[in-house]
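**Student:** Here the protein sequences line up with chains A and B, keeping their order. Under the numbering used here, read the first sequence as residues 3 to 348, first letter to last. Under the numbering used here, read the second sequence as residues 69 to 595, first letter to last.
Simulated from the structure, these hints should not be mistaken for laboratory data. Because the structure is a prediction, the values reported are computed rather than measured. A couple of the hints might just be wrong.
As the list claims (entries may be wrong) - Listed next, the in silico PhoX-like pairs over lysine-lysine satisfying Cα-Cα at most 25 Å (straight line): (1) A:202 <-> A:212; (2) A:80 <-> A:154; (3) A:202 <-> A:222; (4) B:458 <-> A:272; (5) B:458 <-> A:80; (6) A:38 <-> A:294.
What the hints assert, rightly or not - Ranges between beta-carbon positions, derived for each pair: (7) A:190 <-> B:134: 47 to 53 Å; (8) A:336 <-> B:103: 18 to 24 Å; (9) B:199 <-> A:172: 28 to 34 Å; (10) B:390 <-> A:62: 17 to 23 Å.
What the hints assert, rightly or not - Coverage of chain A stretches by chain B, computed from C-beta distances (three or more under 8 Å per stretch; other residues unrestricted): (11) 52 to 66; (12) 84 to 90; (13) 199 to 212; (14) 315 to 322.
C-beta atoms are modelled at their ideal positions from N, C-alpha and C, and glycine is treated no differently.
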Amino acid sequence: MSFVYSLPALHRTILSGLVLLFTAGIFVPSAPAADKLTIYSGRSERLIKPVLDAFTANTGIQIELLSSGTTELVNRLKSEGDRTPADLLITNDAGSLELARAAGLLHPLNMREIERAIPAQFRAPDNAWVGLSGRFWIVVYNRTMVQPDQVKSLLDLADPKWKDKIAIPNSGSEYLQAGVSVIRATYGDEKTRQFLQGLKTNADSQVYQKSSQIVDAVAKGQVALGIVNHYYVYRHLAAQPDAPIAVLMPDQQEGGMGAIMNVAGVGIVKSTKHMDSAKLLVEFLVAQAGQKLFADLDKEYPLHPDVKTDPALVERKSFRAALVPLAKLAELREPTIALIEEVGLR
Amino acid sequence: MSTIRQQLASPLQLLVLASAGIILLPLGYVTAQALSADPVVWSRLWATRIPELLFNTVSLAASVAVITLVLGVSTAWLVTRVDFPGRRLWEGALVLPLAMPTYVLAYVYSYLLGFGGPVEHLWQLVAGPQARIFSPHSYGGATLVMALDTFPFVYLLSRSALLSMNVSFEEVARASGVSRLSTLWRVTLPLMRPSIAAGVALVILYVVSDFGAVSLLRYQTLTYAVFQQMTGRSDNTAASILSLLLVGLALIFLITERWFRQRSRFYQTTGRYRAPQRHRYGWFGALAVTGYLGLIVGAAFALPASLLIQWSLSPEAQATLDSRFFGFVWNSGILATSAATGGVLICLPLAYLASRRPTMLNLGCLQAAYAGYVLPGPVAALAVLVLFSKLAPVFYGSVLILIVAYVIHFLPAGLQSLEPALQHMSPNLEEVARTLGLGIRDTWRRVTLPLVRNGFVVAWVLMFLQTMKELPATLLLRPVGFDTLAIRVWMEASEEYYQLAAPSALLIVLLSLPALALLISKDWRAA
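Extracted from the complex, chain A is given alone in its bound form (with noise of 0.2 Å):
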């Protein structure tokens, strides 16, 4: 190791580098420019920011982005207080919206662009938050294991002969916690904990982290059903248009709760320096334009009336969405994660 010996030199050039790079304030979270939001994203990546790029090219205001998992980054948000760096946060739920919301977090906004775009149902009351793009929680299905009509309902994938045929995903999943409070808020607690116990038992080791490996676990039939957001099965099948898999709208019976909706929503943190830009940004998204863009990205459902909905899906007026309220699904979500956390799932 002779040249570990020959190294002073180079050791001091390091050393002295790194002298300036500290010196440089690289701990001190930089003041961003004026020019430029800073967005905490649960959506991922890839899905958000096309939409920031398209803003960015509209506007010239640059964006930083910070994608990560929801409730981490409303725990963040919550943590660093009036000196986050976050301008606005993006969420798939809207249950974490309203807890972020109730929290303190998010400035309410008096726009007539929101309350002109997007109906009352899809955003909070005093529009600290606005949904974006409604998605449902569905059953998506391998067309050569599985007639449709052999689920009409969600709590059909507890029953004992679906053993190791399905897929879900893991509990801390936003959807899922989403999902089972409007199980738990139409049927009850009793209900629910046994819908939960023959999904556990059902799904035993098939417990995914990402939705999307559910749904080509379901293409490759290593599963026969799995529970996931409907665009996911209109990606996979973007992709690959011969995967042998379909979405199944549950809960349409006479009498059922309706499909399980959810809204990705975004809004404006109450500490930001640059409102105008961030509301530039939500205006942005509620349009027409930018609720085309937002939803046809995902697959999603725009929430403004007069958008079209991308004729892949099931159309919209074709079924009944649940009743459950969604600024709902926060007052609900603590109880149910310990329903959740009871029953074991993992």
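Once you have looked at the hints, place chain B on chain A.
**Tutor:** Relative to chain A, chain B alone:
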């Protein structure tokens, strides 16, 4: 009394106390939070998650330990006691898997063995179109990946035991008419036992604290569960409780490893050293040995590495090599450089005082610095997060808390190479300098530092390398715009975008190689 006051007054002493404090406070805080948690939370966790998690963690550690034991000892024996063509090449190649972070190996294997993957296709050619192989997303898959990634620990320790062993013991046994196999069983292996045990304990410690492989292979261990609790829940109580259990578990293995390492000191200095005689095998034997070693190195390094290269050359992957990619490289570099430098600066006074003034206080501080060993990534992140949000919320979301987490986590790796460097240097040298009229500062600058420079460099490289590969703490604590190479690998791989993850993964492996080469001749223990 006066000596104590003197010690406390010295600035170096204060620095050391402060460092030990920075390291122990987060651990203490998590412990306090876990212990003060509502008993309802404890009992709920006991009733639901804990038994499964403990069982999964311990059984994974056990199976990996057994496999690495077999692989490590057999390969070490072959390269030290058998002569075959290319022996020296294999001797080095067996260390290569250490350059593969577990999450990289895990993602390669979830492709290779995955449902509808290449191995299954091959198997279906043999066993019919409906045949299935075992899923990598399972106990078996996690065992395979962890064993392939960690057996070099056992290999390295066994190899050095075999090389430093006094061969006359074996010769006496052979001369007394004991068969070759029986000598191996009754003399060689018992002599190697402390080294093997230390290697296996190290493997277990590694498995228990791994996050990357188990998260990608969806195998529920305590470390993974801590991460899931932190990212899926709005309060950290359950995460703290699981962390405390994990720390306890890791502590048990750490103590075991230390105990064996101390015992291994007894015999290694005895006797005169002579190179052991190597058996020369015929062409068939040589072929068999080469095949065996080739299989292991191929599965653990060559195959994954060539897949990474192939994926990196795909058009999808090439398209990601834009300025953003170089931003990630830069972030990784900056973070690793800062953490390694900060770590070395904290290591040095700790190790120095413990070797020059080995008071209870100083030795205690040094031991405290080894706490990082029992703080797996997510736990270190949790600890730092909780502490900073209570005591110094200003730094929350800044690079500083990420670097503090790295330093705490990787300090043991640095100390392990600095400590011996200082111990090997006789204090006489410093004393001579002082008697010849050099001041304290000049003595440090002109005598002490140049003499420990080697250990210094190795410690720095080690911490740099580990920070570069670190995943869970980075995921949890990274500030806005601070995605690293490791983060990119994990984000792409966890959505099964294998090609897109490849360039970052390949770069991590390539950067690890020269560092690995440097460490093999120094201190590889924490590579």
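**Student:** Next step is simple, just say for each hint if it's right about the structure.
**Tutor:** Against the structure, the hints come out as follows:
1. A:202 <-> A:212: Distance of about 17 Å is within 25 Å: holds.
2. A:80 <-> A:154: Given that 25 Å is the threshold and the Cα spacing comes to 41 Å, the pair is violated.
3. A:202 <-> A:222: Status holds; Cα separation ~21 Å.
4. B:458 <-> A:272: Roughly 21 Å separates the two Cα atoms, so the pair holds.
5. B:458 <-> A:80: Within the cut-off at roughly 12 Å; holds.
6. A:38 <-> A:294: 24 Å, holds
7. A:190 <-> B:134: 47 to 53 Å: 49 Å, holds
8. A:336 <-> B:103: 18 to 24 Å: Given a distance of about 23 Å, which is inside 18 to 24 Å, the answer is holds.
9. B:199 <-> A:172: 28 to 34 Å: 29 Å, holds
10. B:390 <-> A:62: 17 to 23 Å: Since the Cβ atoms of residue 390 of chain B and residue 62 of chain A sit about 20 Å apart, the hinted range of 17 to 23 Å holds.
11. 52 to 66: violated (count 1)
12. 84 to 90: holds (count 4)
13. 199 to 212: With 5 residues closer than 8 Å to chain B, the region 199 to 212 of chain A meets the three-residue bar; holds.
14. 315 to 322: violated (count 0)
Violated hints, in rising order: 2, 11, 14; the structure is consistent with all others.
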